[in-house]
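There are 2 protein chains.
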Amino acid sequence: AGDVSAGKAKSAVCATCHGADGIAIMPVYPNLAGQNAEYLESALKAYRDKQRQGGMAAIMQMQATNLSDEDIANLAAYYASLN
Amino acid sequence: AGDVSAGKAKSAVCATCHGADGIAIMPVYPNLAGQNAEYLESALKAYRDKQRQGGMAAIMQMQATNLSDEDIANLAAYYASLN
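Chains as they are written, first to last, in the numbering used here: chain A, 3 to 85; chain B, 3 to 85.
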C-alpha cells in the first residue's frame, strides 16, 4: 500500500482542484476524500496511460503523466485516508 | 438538476457494485455516496460515449450504454444526495 505522508507531500498540486481536504473546489471535479485507494490508483493510471478522455480528462492526463506507480500508490493512500 | 427518487429507482443495478448506500462492495470500485453530481454526470457520459477505457471501464461502458441524459442526471443527483 502507499505511504500516506509521501502522498500528502505529493498532493500540493492536486489540492488546487480537489481541495486541501480532498473536497473539490468545483462540482465538476470529484471529491477524493475517503475514496477507495485501489480505485484511485486505477483511475490515475488510466489518466496517465491516456485511456480516459472526455470531461476534464485532458487536465488529468497532464497531471498524471509524470507520476510513478509509487507516487500514484502514495496519493491514493493519502486521499483514501481523508474522511 | 436530476430527480433523486427517480435516480434511486434507477440505481438498483448500480448497487450491485457500488453498494446499496453508495459505498462500494470492493475497493476497486469507487464509492459514490456524496460525490459531486456534476462530476458523476461527466463520468457516466464519458463511459456511455466510450471515452473511458482502462480499469473497470469495460463494465461501466456496458452499464452506461443505455442510459439517457435524464437517467444520468437522476442517478448523479441520487448518489450526490447520499452521505
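No lab work stands behind these hints, which were simulated from the structure alone.
It is possible that part of the hints are untrue.
Claimed, not checked - In silico lysine-lysine, DSS-like type, Cα no more than 25 angstroms apart, as pairs:
no.	chain 1	residue 1	chain 2	residue 2
1	A	Lys47	B	Lys52
2	A	Lys47	B	Lys10
3	A	Lys10	A	Lys47
4	B	Lys47	A	Lys52
5	B	Lys12	A	Lys52
Right, here's what the structure says about each hint:
Proposed proximity of Lys47(A) and Lys52(B) is supported: the alpha carbons are some 17 angstroms apart, at most 25 angstroms. Distance hint between Lys47(A) and Lys10(B) is unfulfilled; the C-alpha atoms sit about 31 angstroms from each other, more than 25 angstroms. Proposed proximity of Lys10(A) and Lys47(A) is supported: the alpha carbons are some 18 angstroms apart, at most 25 angstroms. With a C-alpha separation of about 17 angstroms, the suggested pair Lys47(B) and Lys52(A) falls inside the 25 angstroms cut-off, and the hint holds.
The suggested pairing of Lys12(B) with Lys52(A) is violated, with an alpha-carbon distance near 31 angstroms, which exceeds 25 angstroms.
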